[in-house]
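Using the hints, position chain B against chain A.
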Amino acid sequence: MSQSKPLSLHVPEPSGRPGCKTDFSYLQVSPAGSVRRPPIDVLPSETGDLASTMIRVLDDDGNAVGPWAPDLDRETLRFGLRTMMKTRIFDARMVIAQRQKKLSFYMTSLGEEAIGTAHSLALKDGDMNFPTYRQQSLLMAREYPMKDMICQLLSNEADPMKGRQLPVMYSVREKGFFTISGNLATQYPQAVGWAMASAIKGDTKIASAWIGDGATAESDFYTALTFAHVYNAPVILNVVNNQWAISTFQHIAGGESVTFATRGVGTGIASLRVDGNDFLAVYAASCWAAERTRGGHGPALIEWVTYRAGPHSTSDDPSRYRPADDWSWFPLGDPIARLRRHLTNKGWWSDEEHDKVQAELEAEVLAAQKEAEQHGTLIDGRVPSAATMFEDVYKDMPEHLRQQRQQLGV
Amino acid sequence: MTMIQALRSAMNVMLERDSNTVIYGQDVGYFGGVFRCTDGLQAKYGKTRVFDAPISEGGIVGTAVGMAAYGLRPVVEIQFADYFYPATDQIVSEAARLRYRSAGDFSAPLTIRMPCGGGIYGGQTHSQSPEAFFTHVCGLRTVMPSNPIDAKGLLIASIENDDPVIFLEPKRLYNGPFDGHHDRPVVPWSKHPMGEVPEGYYTTPLDKAAVFRPGADLTVLTYGTMVWVSEAAAKETGIDAEIIDLRTLWPLDLETIVASVNKTGRCVVVHEATKTSGFGAELAALVQEHCFYHLEAPIERVCGFDTPYPHAQEWAYFPGPDRVGAAFKRAMER
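First to last, the protein sequences are chains A and B.
Residue numbering for the first sequence follows the working numbering, beginning at 1 and increasing consecutively.
Residue numbering for the second sequence follows the working numbering, beginning at 411 and increasing consecutively.
Don't take each hint at face value.
As the list claims (entries may be wrong) - In silico DSS-like links for lysine-lysine, alpha-carbon gap of 27 Å or less:
(1) B/LYS618 - A/LYS201
(2) A/LYS201 - B/LYS739
(3) B/LYS457 - A/LYS205
(4) A/LYS395 - B/LYS618
It should be emphasised that the hints constitute simulated quantities derived from the structure, not laboratory data.
Chain A with its partners taken away, still in its complex shape:
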């Protein structure tokens, strides 16, 4: 009989903590253009390699290479760059407004702007996104008025959510943007159900589900994959792997020596792993997935590899758990800088134009903020009436809520 050694509990740690440098070799970055592009009706079991390598189009010099390089025209690319810039400027401006106490809370998407922007271009009107709180670029790409977004953030008299929701929890049905919930992962099976409904009715619309790396640990993630696979639901299952869930490195979510995309393959779903900071790769992979699901060939899962460049939220200080300069070392860089370089190479963008657009967008955001603030802010107390607090709990207000409203005297 051999003597057993004492067992020990393994608790994953990020290589980089404050004061040292992250070793990003764990990412397994593939060279641009090196990963094959399968037919849209590929068998899920034959996507194992696509789930563990990384689809990339833009090389280090900003050139589009390989089988995934999409054929996008000048105007679409310029719109994409502009939308990413708009998202980033909007985020920066709203952080300032939060610091000025005009709104109580905000979450930026710094460094993740390419994913929602390019993905949105691959969807059609009528398709429905089931976003998390970090896909504001979907709304930007659909040109939802920034003024309405800011009114929601301010919880003011013109807030479409009537002041009931925490800032950033938008709901914009007409732009294919499902109501955001604070409860993580719940939208994932809901997206699958929406897609099942589209299939039940013989519709042509598809759903797109969104989740972060950390939230994949929630049971709803696996539930959604099972249902999507079982019913061949027309849904794109997006996993935005930005390496961090608040202070928790993605290895604690189960990302150590395995990718999130491989979970899709394990549940019988065709899966891709894509450079999330490569606008062209995001667009191409999204089109592939949309075509697959719309064609009835089954769901698709995409792990977008990116980096959460900003704090988790305005209530977070990332310098307490990760290196302050981490983003500058992230191997996939900045999505805006990379598309800008590509467009400049093609002669479709210039430094002068960049500065001009930057200034235009800053003015646009500022104007939207000014317009929104005319309807009140959290500071001046011009919020929706307390009487509206009792509405929409049920379709028709029941007697007990009528009485409670009366007791409040509103």
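Only chain B this time, still in chain A's reference frame:
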């Protein structure tokens, strides 16, 4: 019809009437449900309208919320109410709040059917009455029928309702009324007038209680199997109890309750669920608040004990006619 047949008839009517009605859950499709409630529906309406689901309560309710957001009217089944817990997040955080948090941008007109209640030697996980978990959640409607006529009418009304409805079905009543006398043979619904269920479409309103047995001595607030137990207790004690079958637990019919208690001056609340923080506490508080000057005795509560539902001790746990009758007497003697 039995309650099973009445529920099946309700689903049949709604599948026929509204092409947006879809039915799914564990063993619900081909097999027709472990209680036969959906027997034959898949054969009649096809697999895209009535289908089997993976064993995942969170998935069943979560996908139903998404379907409802699309515009369907899902009627989903949780095999036993004891197994709704994995779906709690989807029920409480999502279905119940969708309309409110989106200011009406999205809503969840879905019905979640759950067989509930004890008295069948179901032990800990086939006997629970979790209604208080749902009545506490703003945005939900909670419904529980006590007979086949109401079961069909209430289920059709629930499916048609644009709010999410938790539809609790006392499985003890599936085949016949049960008054707690486990030692006597159970009479089937075919021998009871409430088993005479109309074919075709009709509804029973969700906001109306039923005066199940008119009386003058005291008011009994109850629902589900306990309606029948309370009737037996009234008969056996000779106390002229007015038994109110709430039918819809929340939002409830306060008017009928208050009118009855103000008339009788005494109130006994009866439910199978455990006592502490059970729905009876809300009922007692409402009666105290609205009928204080008419009350001639403290409000009595007869409930399941504050223990998990036991197996061997079934009839010591289940609030039978003796325990209910004793409470009637206490209420009359005070």
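Against the structure, the hints:
no.	hint	in the structure
1	B/LYS618 - A/LYS201	violated, 35 Å
2	A/LYS201 - B/LYS739	violated, 58 Å
3	B/LYS457 - A/LYS205	holds, 20 Å
4	A/LYS395 - B/LYS618	holds, 18 Å
The structure fails hints 1 and 2 (numbered hints given earlier, in ascending order).
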